[in-house]
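Asks: Sequence:
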Amino acid sequence: MDTEIDKAARIEELRADASDCTRCDLANGRTNVVFGVGNPNSPLVIIGEGPGENEDKTGEPFVGRAGMLLDEVLRECKMLRKHVFITNVVRCRPTKLEAGRLQNRPPTADESNACITNWLEPTIATIQPLVILCLGAPAASAVIHKSFKMTQERGQFFESKYARYAIAGLHPAYILRQQGEAYDAARATLVQDVESARIKVIEARKEPPTTLF
44 MDTEIDKAAR IEELRADASD CTRCDLANGR TNVVFGVGNP NSPLVIIGEG
94 PGENEDKTGE PFVGRAGMLL DEVLRECKML RKHVFITNVV RCRPTKLEAG
144 RLQNRPPTAD ESNACITNWL EPTIATIQPL VILCLGAPAA SAVIHKSFKM
194 TQERGQFFES KYARYAIAGL HPAYILRQQG EAYDAARATL VQDVESARIK
244 VIEARKEPPT TLF
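So the sequence shown is residues 44 to 256, counted in our numbering.
These aren't lab readings, by the way, just hints derived from the structure by calculation.
Wrong hints could be hidden among the right ones.
[Unchecked claim] Calculated pairs, DSSO-like style, for lysine-lysine (alpha carbon to alpha carbon, straight line, at most 27 angstroms):
id, residue 1, residue 2
1, 204, 243
2, 100, 189
3, 50, 243
4, 249, 125
5, 204, 50
6, 192, 50
7, 192, 243
8, 189, 139
9, 204, 249
10, 249, 121
11, 192, 204
12, 100, 139
13, 204, 125
14, 243, 121
15, 204, 189
16, 125, 50
17, 192, 100
18, 139, 192
19, 100, 125
20, 121, 50
[Claimed, not checked] Quick list of simulated restraints, FRET-style, between CB atoms:
id, residue 1, residue 2, range
21, 70, 231, 37 to 45 angstroms
22, 52, 222, 42 to 50 angstroms
23, 108, 235, 19 to 27 angstroms
24, 164, 199, 33 to 41 angstroms
25, 49, 231, 35 to 43 angstroms
26, 226, 123, 31 to 39 angstroms
27, 46, 225, 42 to 50 angstroms
28, 111, 75, 14 to 22 angstroms
The beta carbon of each residue, even a glycine, is placed where N, CA and C say it ideally should be.
Build the full structure now, drawing on both the sequences and the hints.
Replies: Rendered as C-alpha coordinates:
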(Lines of atoms letter the chains of each structure in order from A and count residues from 1; the text may use other names and numbers.)
(Lines give C-alpha, C1' and ligand atoms only; values in the text may rest on other atoms or scores of the structure.)
Protein backbone atom coordinates (compact mmCIF):
# COMPACT_ATOMS: atom_id res chain seq x y z
CA MET A 1 0.00 0.00 0.00
CA ASP A 2 1.36 3.40 -0.92
CA THR A 3 2.03 5.82 1.91
CA GLU A 4 0.18 9.13 2.05
CA ILE A 5 3.36 10.96 1.01
CA ASP A 6 3.85 8.62 -1.94
CA LYS A 7 0.28 9.16 -3.12
CA ALA A 8 0.51 12.93 -2.92
CA ALA A 9 3.85 12.95 -4.74
CA ARG A 10 2.56 10.66 -7.48
CA ILE A 11 -0.53 12.81 -8.01
CA GLU A 12 1.68 15.87 -8.40
CA GLU A 13 3.83 14.00 -10.92
CA LEU A 14 0.73 13.12 -12.92
CA ARG A 15 -0.52 16.70 -12.68
CA ALA A 16 2.79 18.02 -14.02
CA ASP A 17 2.85 15.48 -16.85
CA ALA A 18 -0.74 16.31 -17.81
CA SER A 19 -0.05 20.05 -17.94
CA ASP A 20 1.44 19.79 -21.42
CA CYS A 21 -0.61 16.83 -22.68
CA THR A 22 -1.24 16.73 -26.45
CA ARG A 23 -2.77 13.26 -26.65
CA CYS A 24 -6.00 14.55 -28.20
CA ASP A 25 -7.23 17.62 -30.05
CA LEU A 26 -8.70 19.20 -26.90
CA ALA A 27 -5.19 20.45 -26.18
CA ASN A 28 -5.52 22.91 -29.06
CA GLY A 29 -8.26 24.98 -27.45
CA ARG A 30 -7.71 24.78 -23.73
CA THR A 31 -6.59 27.52 -21.38
CA ASN A 32 -5.72 25.18 -18.50
CA VAL A 33 -5.57 21.47 -17.91
CA VAL A 34 -8.09 20.76 -15.14
CA PHE A 35 -6.45 17.82 -13.43
CA GLY A 36 -8.20 17.47 -10.09
CA VAL A 37 -8.40 18.91 -6.60
CA GLY A 38 -8.66 17.66 -3.06
CA ASN A 39 -7.19 14.96 -0.88
CA PRO A 40 -5.12 12.32 -2.75
CA ASN A 41 -5.52 10.04 0.28
CA SER A 42 -9.30 10.23 0.30
CA PRO A 43 -11.33 7.01 0.26
CA LEU A 44 -13.92 8.87 -1.87
CA VAL A 45 -13.31 10.16 -5.40
CA ILE A 46 -15.92 12.26 -7.22
CA ILE A 47 -15.82 12.22 -11.03
CA GLY A 48 -17.67 14.50 -13.44
CA GLU A 49 -17.67 14.64 -17.23
CA GLY A 50 -15.33 17.50 -18.10
CA PRO A 51 -14.39 21.12 -17.48
CA GLY A 52 -16.60 24.02 -18.51
CA GLU A 53 -15.68 27.63 -19.16
CA ASN A 54 -15.06 28.52 -15.51
CA GLU A 55 -12.99 25.41 -14.91
CA ASP A 56 -10.92 26.05 -18.03
CA LYS A 57 -10.14 29.55 -16.74
CA THR A 58 -9.23 28.51 -13.20
CA GLY A 59 -7.75 25.05 -13.70
CA GLU A 60 -9.96 23.63 -10.93
CA PRO A 61 -12.91 21.24 -11.39
CA PHE A 62 -16.44 22.13 -10.30
CA VAL A 63 -16.23 25.87 -9.83
CA GLY A 64 -18.90 28.46 -10.61
CA ARG A 65 -22.53 27.71 -9.79
CA ALA A 66 -22.19 23.95 -10.24
CA GLY A 67 -19.21 23.89 -7.90
CA MET A 68 -21.03 25.99 -5.33
CA LEU A 69 -23.92 23.53 -5.37
CA LEU A 70 -21.57 20.57 -4.99
CA ASP A 71 -19.84 22.28 -2.06
CA GLU A 72 -23.21 22.95 -0.41
CA VAL A 73 -24.21 19.31 -0.74
CA LEU A 74 -20.87 18.10 0.58
CA ARG A 75 -21.29 20.32 3.63
CA GLU A 76 -24.80 18.97 4.22
CA CYS A 77 -23.22 15.52 4.28
CA LYS A 78 -20.54 16.62 6.77
CA MET A 79 -17.75 16.83 4.19
CA LEU A 80 -15.70 19.54 2.52
CA ARG A 81 -14.05 19.71 -0.89
CA LYS A 82 -10.66 19.21 0.76
CA HIS A 83 -11.82 15.89 2.25
CA VAL A 84 -12.43 14.19 -1.10
CA PHE A 85 -10.67 14.11 -4.47
CA ILE A 86 -12.61 15.68 -7.36
CA THR A 87 -11.78 15.18 -11.02
CA ASN A 88 -13.37 14.60 -14.44
CA VAL A 89 -13.35 12.02 -17.20
CA VAL A 90 -11.54 14.54 -19.43
CA ARG A 91 -9.19 17.23 -18.21
CA CYS A 92 -9.58 19.76 -21.01
CA ARG A 93 -12.73 21.66 -21.96
CA PRO A 94 -14.53 20.24 -25.03
CA THR A 95 -15.97 23.12 -27.07
CA LYS A 96 -17.87 23.89 -30.25
CA LEU A 97 -18.37 27.20 -32.03
CA GLU A 98 -22.03 28.20 -31.96
CA ALA A 99 -23.45 31.63 -32.81
CA GLY A 100 -19.97 33.08 -32.72
CA ARG A 101 -19.22 31.80 -29.22
CA LEU A 102 -17.46 28.79 -27.79
CA GLN A 103 -19.98 26.48 -26.15
CA ASN A 104 -19.51 23.33 -24.11
CA ARG A 105 -20.05 19.98 -25.81
CA PRO A 106 -19.71 16.34 -24.75
CA PRO A 107 -16.26 14.85 -25.32
CA THR A 108 -15.89 12.41 -28.19
CA ALA A 109 -15.11 8.76 -27.54
CA ASP A 110 -11.50 9.28 -28.67
CA GLU A 111 -11.10 12.29 -26.37
CA SER A 112 -12.54 10.41 -23.41
CA ASN A 113 -10.50 7.29 -24.05
CA ALA A 114 -7.25 9.24 -24.34
CA CYS A 115 -7.84 10.95 -21.01
CA ILE A 116 -9.12 7.85 -19.23
CA THR A 117 -6.12 5.78 -20.28
CA ASN A 118 -3.43 8.38 -19.67
CA TRP A 119 -4.77 10.33 -16.69
CA LEU A 120 -7.96 9.07 -15.03
CA GLU A 121 -6.87 5.46 -14.59
CA PRO A 122 -3.41 6.31 -13.20
CA THR A 123 -5.01 8.86 -10.87
CA ILE A 124 -7.50 6.36 -9.47
CA ALA A 125 -4.83 3.66 -9.25
CA THR A 126 -2.73 6.03 -7.16
CA ILE A 127 -5.51 7.14 -4.81
CA GLN A 128 -7.06 3.66 -4.49
CA PRO A 129 -10.46 4.93 -3.30
CA LEU A 130 -12.98 2.68 -1.65
CA VAL A 131 -15.90 4.48 -3.31
CA ILE A 132 -16.30 6.50 -6.51
CA LEU A 133 -19.23 8.87 -6.96
CA CYS A 134 -19.92 9.62 -10.63
CA LEU A 135 -21.78 12.84 -11.35
CA GLY A 136 -23.75 12.52 -14.58
CA ALA A 137 -24.30 9.66 -17.00
CA PRO A 138 -21.09 10.23 -19.04
CA ALA A 139 -18.93 9.71 -15.96
CA ALA A 140 -20.99 6.69 -14.94
CA SER A 141 -20.64 5.22 -18.43
CA ALA A 142 -16.86 5.56 -18.15
CA VAL A 143 -16.54 4.14 -14.64
CA ILE A 144 -19.49 1.81 -14.02
CA HIS A 145 -20.60 0.41 -17.37
CA LYS A 146 -20.95 1.77 -20.88
CA SER A 147 -24.74 1.48 -21.13
CA PHE A 148 -25.44 3.17 -17.79
CA LYS A 149 -28.95 4.66 -17.54
CA MET A 150 -29.26 7.44 -14.98
CA THR A 151 -33.05 7.19 -14.77
CA GLN A 152 -32.86 3.49 -13.89
CA GLU A 153 -29.55 3.05 -12.07
CA ARG A 154 -28.93 6.27 -10.16
CA GLY A 155 -28.25 5.75 -6.48
CA GLN A 156 -27.31 2.07 -6.82
CA PHE A 157 -23.89 0.68 -5.91
CA PHE A 158 -21.94 -1.27 -8.48
CA GLU A 159 -18.67 -3.15 -8.47
CA SER A 160 -16.06 -1.36 -10.56
CA LYS A 161 -12.57 -2.15 -11.73
CA TYR A 162 -11.63 1.28 -10.36
CA ALA A 163 -12.96 0.97 -6.80
CA ARG A 164 -14.72 -1.48 -4.56
CA TYR A 165 -17.96 0.46 -4.97
CA ALA A 166 -19.20 2.99 -7.51
CA ILE A 167 -22.43 4.99 -7.46
CA ALA A 168 -23.82 7.68 -9.76
CA GLY A 169 -25.83 10.81 -9.07
CA LEU A 170 -27.14 13.77 -11.02
CA HIS A 171 -24.60 16.32 -12.21
CA PRO A 172 -24.91 19.68 -10.41
CA ALA A 173 -25.11 21.49 -13.77
CA TYR A 174 -28.17 19.42 -14.68
CA ILE A 175 -29.78 20.16 -11.32
CA LEU A 176 -29.26 23.89 -11.82
CA ARG A 177 -31.23 23.73 -15.08
CA GLN A 178 -34.31 22.51 -13.22
CA GLN A 179 -36.88 24.87 -11.74
CA GLY A 180 -39.25 24.87 -8.79
CA GLU A 181 -40.19 21.47 -7.43
CA ALA A 182 -38.09 19.73 -10.08
CA TYR A 183 -35.00 21.53 -8.79
CA ASP A 184 -35.80 20.67 -5.17
CA ALA A 185 -36.32 17.01 -6.04
CA ALA A 186 -33.15 16.77 -8.12
CA ARG A 187 -31.07 18.47 -5.45
CA ALA A 188 -32.48 16.12 -2.82
CA THR A 189 -31.36 13.10 -4.82
CA LEU A 190 -27.82 14.46 -4.99
CA VAL A 191 -27.76 14.93 -1.22
CA GLN A 192 -29.03 11.37 -0.86
CA ASP A 193 -26.38 9.95 -3.20
CA VAL A 194 -23.49 11.87 -1.63
CA GLU A 195 -24.62 10.72 1.81
CA SER A 196 -24.91 7.14 0.53
CA ALA A 197 -21.34 7.34 -0.75
CA ARG A 198 -20.14 8.68 2.61
CA ILE A 199 -21.85 5.88 4.52
CA LYS A 200 -20.52 3.27 2.10
CA VAL A 201 -16.97 4.49 2.78
CA ILE A 202 -17.53 3.89 6.50
CA GLU A 203 -18.87 0.40 5.81
CA ALA A 204 -16.10 -0.46 3.33
CA ARG A 205 -13.40 0.46 5.83
CA LYS A 206 -14.62 -2.42 7.99
CA GLU A 207 -14.35 -4.94 5.14
CA PRO A 208 -11.23 -6.97 4.29
CA PRO A 209 -8.95 -5.12 1.83
CA THR A 210 -8.98 -6.09 -1.84
CA THR A 211 -6.52 -5.55 -4.67
CA LEU A 212 -8.12 -3.59 -7.51
CA PHE A 213 -5.05 -3.01 -9.68
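Asks: If a hint holds in the structure, say so; if it doesn't, say that too.
Replies: Hints versus structure:
| no. | hint | result |
| --- | --- | --- |
| 1 | 204 / 243 | holds, 17 angstroms |
| 2 | 100 / 189 | violated, 30 angstroms |
| 3 | 50 / 243 | holds, 22 angstroms |
| 4 | 249 / 125 | holds, 23 angstroms |
| 5 | 204 / 50 | holds, 19 angstroms |
| 6 | 192 / 50 | violated, 33 angstroms |
| 7 | 192 / 243 | holds, 21 angstroms |
| 8 | 189 / 139 | holds, 24 angstroms |
| 9 | 204 / 249 | holds, 20 angstroms |
| 10 | 249 / 121 | holds, 20 angstroms |
| 11 | 192 / 204 | holds, 19 angstroms |
| 12 | 100 / 139 | holds, 17 angstroms |
| 13 | 204 / 125 | holds, 25 angstroms |
| 14 | 243 / 121 | holds, 14 angstroms |
| 15 | 204 / 189 | holds, 13 angstroms |
| 16 | 125 / 50 | holds, 15 angstroms |
| 17 | 192 / 100 | violated, 31 angstroms |
| 18 | 139 / 192 | holds, 26 angstroms |
| 19 | 100 / 125 | holds, 20 angstroms |
| 20 | 121 / 50 | holds, 24 angstroms |
| 21 | 70 / 231: 37 to 45 angstroms | holds, 39 angstroms |
| 22 | 52 / 222: 42 to 50 angstroms | holds, 46 angstroms |
| 23 | 108 / 235: 19 to 27 angstroms | holds, 21 angstroms |
| 24 | 164 / 199: 33 to 41 angstroms | violated, 23 angstroms |
| 25 | 49 / 231: 35 to 43 angstroms | holds, 39 angstroms |
| 26 | 226 / 123: 31 to 39 angstroms | violated, 24 angstroms |
| 27 | 46 / 225: 42 to 50 angstroms | holds, 46 angstroms |
| 28 | 111 / 75: 14 to 22 angstroms | holds, 19 angstroms |
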